[in-house]
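Colleague: If you read the sequences in order, they're chains B and X. Heads up, the first sequence is in this note's numbering, so the first residue is 1 and it goes up one at a time. Heads up, the second sequence is in this note's numbering, so the first residue is 1 and it goes up one at a time.
Hints in this document: simulated from the structure, not taken from any laboratory. Careful, some of the hints might be misleading.
Claimed, not checked - Here are the computed distance ranges between Cβ atoms for each label pair:
#: 1; chain 1: B; residue 1: Arg18; chain 2: X; residue 2: Gly264; range: 30 to 36 Å
#: 2; chain 1: B; residue 1: Gly32; chain 2: X; residue 2: Glu193; range: 42 to 48 Å
#: 3; chain 1: X; residue 1: Asp84; chain 2: B; residue 2: Glu195; range: 52 to 58 Å
#: 4; chain 1: B; residue 1: Val106; chain 2: X; residue 2: Gly361; range: 39 to 45 Å
#: 5; chain 1: B; residue 1: Asp7; chain 2: X; residue 2: Arg14; range: 33 to 39 Å
#: 6; chain 1: X; residue 1: Pro73; chain 2: B; residue 2: Glu183; range: 53 to 59 Å
#: 7; chain 1: B; residue 1: Glu31; chain 2: X; residue 2: Glu193; range: 37 to 43 Å
What the hints assert, rightly or not - Partner residues aside, some chain X positions facing chain B, computed with beta carbon under 7 Å:
#: 8; residue: Leu56
#: 9; residue: Leu116
#: 10; residue: Val121
#: 11; residue: Leu125
#: 12; residue: Arg227
#: 13; residue: Pro229
#: 14; residue: Asn257
#: 15; residue: Ala374
#: 16; residue: Val377
#: 17; residue: Asn378
#: 18; residue: Ser423
#: 19; residue: Gln425
As the list claims (entries may be wrong) - A few chain X residues that don't get close to chain B, going by computed Cβ distances all over 10 Å:
#: 20; residue: Ala11
#: 21; residue: Ala72
#: 22; residue: Val235
#: 23; residue: Thr294
Note that the Cβ used here is the ideal one computed from N, Cα and C, for glycine as well.
Number of protein chains: 2
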Amino acid sequence: MTEAKTDDLEAEVRLTCRSAAAAAPVLARTEGRLRRAVLMELAARLEEADVGCRLLDANASDVAQGVATGMAPALLDRLRLDPDRVRALAAAVRAVADLPDPLGEVVRGWTRPDGLQLSQVRVPLGVVGFIYEARPNVTIDAAALCLRSGNALVLRGSGSALASNRALASVVREALAAVGLPEDLVVLIDRPEREAASILMRQTGLIDVLIPRGGAALIRRVIEEARVPVLETGVGVCHVLVDGSADPAMAEAIVLNAKTQRPGVCNAAETLLLAHDYPASEALLARLAAAGVTLLGCPRARALAERAGVPVAPADEETWDTEHLALVMGVRIIDDLDEALAHVARHGTRHSEAIVTQDQGHAERFLREVDAAAVYVNASTRFTDGGEFGFGAEVGISTQKLHARGPMGLRELTTVKTIGRGSGQVRT
Amino acid sequence: MTEAKTDDLEAEVRLTCRSAAAAAPVLARTEGRLRRAVLMELAARLEEADVGCRLLDANASDVAQGVATGMAPALLDRLRLDPDRVRALAAAVRAVADLPDPLGEVVRGWTRPDGLQLSQVRVPLGVVGFIYEARPNVTIDAAALCLRSGNALVLRGSGSALASNRALASVVREALAAVGLPEDLVVLIDRPEREAASILMRQTGLIDVLIPRGGAALIRRVIEEARVPVLETGVGVCHVLVDGSADPAMAEAIVLNAKTQRPGVCNAAETLLLAHDYPASEALLARLAAAGVTLLGCPRARALAERAGVPVAPADEETWDTEHLALVMGVRIIDDLDEALAHVARHGTRHSEAIVTQDQGHAERFLREVDAAAVYVNASTRFTDGGEFGFGAEVGISTQKLHARGPMGLRELTTVKTIGRGSGQVRT
Numbered sequence: 001m002t003e004a005k006t007d008d009l010e011a012e013v014r015l016t017c018r019s020a021a022a023a024a025p026v027l028a029r030t031e032g033r034l035r036r037a038v039l040m041e042l043a044a045r046l047e048e049a050d051v052g053c054r055l056l057d058a059n060a061s062d063v064a065q066g067v068a069t070g071m072a073p074a075l076l077d078r079l080r081l082d083p084d085r086v087r088a089l090a091a092a093v094r095a096v097a098d099l100p101d102p103l104g105e106v107v108r109g110w111t112r113p114d115g116l117q118l119s120q121v122r123v124p125l126g127v128v129g130f131i132y133e134a135r136p137n138v139t140i141d142a143a144a145l146c147l148r149s150g151n152a153l154v155l156r157g158s159g160s161a162l163a164s165n166r167a168l169a170s171v172v173r174e175a176l177a178a179v180g181l182p183e184d185l186v187v188l189i190d191r192p193e194r195e196a197a198s199i200l201m202r203q204t205g206l207i208d209v210l211i212p213r214g215g216a217a218l219i220r221r222v223i224e225e226a227r228v229p230v231l232e233t234g235v236g237v238c239h240v241l242v243d244g245s246a247d248p249a250m251a252e253a254i255v256l257n258a259k260t261q262r263p264g265v266c267n268a269a270e271t272l273l274l275a276h277d278y279p280a281s282e283a284l285l286a287r288l289a290a291a292g293v294t295l296l297g298c299p300r301a302r303a304l305a306e307r308a309g310v311p312v313a314p315a316d317e318e319t320w321d322t323e324h325l326a327l328v329m330g331v332r333i334i335d336d337l338d339e340a341l342a343h344v345a346r347h348g349t350r351h352s353e354a355i356v357t358q359d360q361g362h363a364e365r366f367l368r369e370v371d372a373a374a375v376y377v378n379a380s381t382r383f384t385d386g387g388e389f390g391f392g393a394e395v396g397i398s399t400q401k402l403h404a405r406g407p408m409g410l411r412e413l414t415t416v417k418t419i420g421r422g423s424g425q426v427r428t
Numbered sequence: 001m002t003e004a005k006t007d008d009l010e011a012e013v014r015l016t017c018r019s020a021a022a023a024a025p026v027l028a029r030t031e032g033r034l035r036r037a038v039l040m041e042l043a044a045r046l047e048e049a050d051v052g053c054r055l056l057d058a059n060a061s062d063v064a065q066g067v068a069t070g071m072a073p074a075l076l077d078r079l080r081l082d083p084d085r086v087r088a089l090a091a092a093v094r095a096v097a098d099l100p101d102p103l104g105e106v107v108r109g110w111t112r113p114d115g116l117q118l119s120q121v122r123v124p125l126g127v128v129g130f131i132y133e134a135r136p137n138v139t140i141d142a143a144a145l146c147l148r149s150g151n152a153l154v155l156r157g158s159g160s161a162l163a164s165n166r167a168l169a170s171v172v173r174e175a176l177a178a179v180g181l182p183e184d185l186v187v188l189i190d191r192p193e194r195e196a197a198s199i200l201m202r203q204t205g206l207i208d209v210l211i212p213r214g215g216a217a218l219i220r221r222v223i224e225e226a227r228v229p230v231l232e233t234g235v236g237v238c239h240v241l242v243d244g245s246a247d248p249a250m251a252e253a254i255v256l257n258a259k260t261q262r263p264g265v266c267n268a269a270e271t272l273l274l275a276h277d278y279p280a281s282e283a284l285l286a287r288l289a290a291a292g293v294t295l296l297g298c299p300r301a302r303a304l305a306e307r308a309g310v311p312v313a314p315a316d317e318e319t320w321d322t323e324h325l326a327l328v329m330g331v332r333i334i335d336d337l338d339e340a341l342a343h344v345a346r347h348g349t350r351h352s353e354a355i356v357t358q359d360q361g362h363a364e365r366f367l368r369e370v371d372a373a374a375v376y377v378n379a380s381t382r383f384t385d386g387g388e389f390g391f392g393a394e395v396g397i398s399t400q401k402l403h404a405r406g407p408m409g410l411r412e413l414t415t416v417k418t419i420g421r422g423s424g425q426v427r428t
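Isolated chain B (complex conformation) (with noise of 0.2 Å):
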């Protein structure tokens, strides 16, 4: 690229930016039920025939770049629309309508001896930008999960998802428009290049934080790049320890919800952490594998697999800091607790972990020493989400400790600010 057109590109996206950056202030002041109307005008467009016909046509173009480009197999199928998926965008965007607004709520509020009184009050944190791969409902959810909290939105989707991300975008700025809001509150950098989105991780001053939704190099990009505020979503190496006093059925229960429920998300298992006296090991392998789990062991799993005509390929040290996304587990024995905490706090991402056990003392000292978003006794890891949280929308699950952690709903893309109402107090 030359140096003129990469000029050409930095102020194109910083004017995107500025634009949203202008509007955020007129969302701020409005009361929730206009936030709450424009999603349902949303959810009425994404439901009209004509509107559905512009969307699909968009996704056919990208779909058909894709397949020319020899897109896997997988990510072609999150990068399709069909009538069902857009339907299901209307709901969801529903959804988020109806929950109730995070903006106002009095958070503190004190007297100081003066008579200053002082509160704290919830409002939007301002500019929310997004970066996210190949999938088009994200788009949507993120429109919706940040007009309804007040913010302002700038979009960077997947170059080979633009085109519809494009007629998405569209959408929603047209349903802005017929409410009497500015369309400027969700903006889509349309350009393709790589470079677009690093020059709006960049926007200090213009972008309040910047929320990557996609996989390990995507979020370490961000890490790498990002001069704006970050809140890091979503990479999970999770655990599912069973402990020596494990009852074994629940232990086959929660072990075989957490890896094969929907093995593709972040909050399922990837390693198995047998402790060595659990009498029930080879009944559990032998489960998982019959479930179409692919088991990667340590030695000690291996030969223990081997007894009981379990195949168990054998692991390297990748195994147990990969988060397969698949019908792939990490087996390995530990001897104690130590060793299992131990090697939770080398190869965990802080997302979610688990232990199978009837001990009490084990089970608290599980809960009180693994450093994570959560923590479960006898639970699968699969509960860490919005949904199953009672937060009713989800922006992503946070493995950072500031700000958010674990789960993030409305609440989570706003932030304080104080106020204080004086009769002439000055300090003294």
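Mind docking chain X on chain B? Use the hints.
Modeller: Just chain X now, with coordinates in the frame of chain B:
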């Protein structure tokens, strides 16, 4: 610097951070009384005569070097320790020791219909990095705040205070050892190279949050270079808007307090916005000048001041964006509230903003529309402070929107962990 030396430095900084990260879990599991005990021990040691001698000797060598290298008198004053200041450090440590324990609080708890009990409990962040300038007292303040809240601490002070910081950190480490805690809970990066700070800022996975304490240049550098999450603190270009309806006595008291009560701090006002129809402008400017404030005015303010015989130098565009931290104040005449709000939005740093007015509509618009950590009606900007807010101690004042906004107390050095207690629950 040769490459080999940079590699050495990188390895040394990384090793220092690793030692803190390795010690952190021990502190996270302690009870509040042990975290209180280590601070009481530290305070007692700071008051011992031989410890005082060690500290003052070390500090004298830093000060001598500062004098030799022509350090500015204000910086030399910040660098200097004396017996009174050491006693004040001990008192500050005891005050933090006496604050309520922020850990273990159950932030929320609920039971799912399937019986899984979930609760969010407050836990430490883990390892906090402090980067600060030549104020050795920050070494002790940071240690007290971090240890009380269960966090390990990596200190990186100014090279010009290295001997002082080394001596202070060794007292903290001795106090840790005396109560049976790992010394490495508080470590100092004992290298003067500027690059050492840059390396610290990149320790993803070892440093959970980085807190810069210092001027605008330090904050900018951290935003540019950091790869770990940052809690941005401190720069305040704060405004007082004197509305046309303001009570003159109240306006004078608030503007004088905001500007002159302690001009060198971030919540002091830097700019006075004067409504064109405020009837007592000349008296207010005269009062500021009499209090020793150098005024920098827009052309209209200068004309008005000239009639009153008050000297006002011309402001330039830089005036409105400068944190003077001194008895200097920009003065601008504004025609209406819109113009004032636009000025604040453009030049404010989202720290603290105040309006003096008797007009309820103007007051409410100002509170609603100004985007800042703290917004006041008829009160001084100087109240934005952990002590004044009743938080007891202050880590800094956040001017960002994520995690913490405004004064940060012990609670802002914590995160949450969701604990699930089940009886075999799986997701369906």
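Colleague: If a hint holds in the structure, say so; if it doesn't, say that too.
Modeller: Outcome of the hint check:
{"no.": "1", "hint": "B:Arg18 with X:Gly264: 30 to 36 Å", "result": "34 Å, holds"}
{"no.": "2", "hint": "B:Gly32 with X:Glu193: 42 to 48 Å", "result": "53 Å, violated"}
{"no.": "3", "hint": "X:Asp84 with B:Glu195: 52 to 58 Å", "result": "56 Å, holds"}
{"no.": "4", "hint": "B:Val106 with X:Gly361: 39 to 45 Å", "result": "21 Å, violated"}
{"no.": "5", "hint": "B:Asp7 with X:Arg14: 33 to 39 Å", "result": "37 Å, holds"}
{"no.": "6", "hint": "X:Pro73 with B:Glu183: 53 to 59 Å", "result": "55 Å, holds"}
{"no.": "7", "hint": "B:Glu31 with X:Glu193: 37 to 43 Å", "result": "55 Å, violated"}
{"no.": "8", "hint": "Leu56", "result": "32 Å, violated"}
{"no.": "9", "hint": "Leu116", "result": "5 Å, holds"}
{"no.": "10", "hint": "Val121", "result": "9 Å, violated"}
{"no.": "11", "hint": "Leu125", "result": "5 Å, holds"}
{"no.": "12", "hint": "Arg227", "result": "6 Å, holds"}
{"no.": "13", "hint": "Pro229", "result": "5 Å, holds"}
{"no.": "14", "hint": "Asn257", "result": "4 Å, holds"}
{"no.": "15", "hint": "Ala374", "result": "4 Å, holds"}
{"no.": "16", "hint": "Val377", "result": "5 Å, holds"}
{"no.": "17", "hint": "Asn378", "result": "4 Å, holds"}
{"no.": "18", "hint": "Ser423", "result": "6 Å, holds"}
{"no.": "19", "hint": "Gln425", "result": "4 Å, holds"}
{"no.": "20", "hint": "Ala11", "result": "20 Å, holds"}
{"no.": "21", "hint": "Ala72", "result": "27 Å, holds"}
{"no.": "22", "hint": "Val235", "result": "12 Å, holds"}
{"no.": "23", "hint": "Thr294", "result": "21 Å, holds"}
Consistency with the previously given hints fails for numbers 2, 4, 7, 8, 10, ordered from lowest to highest.
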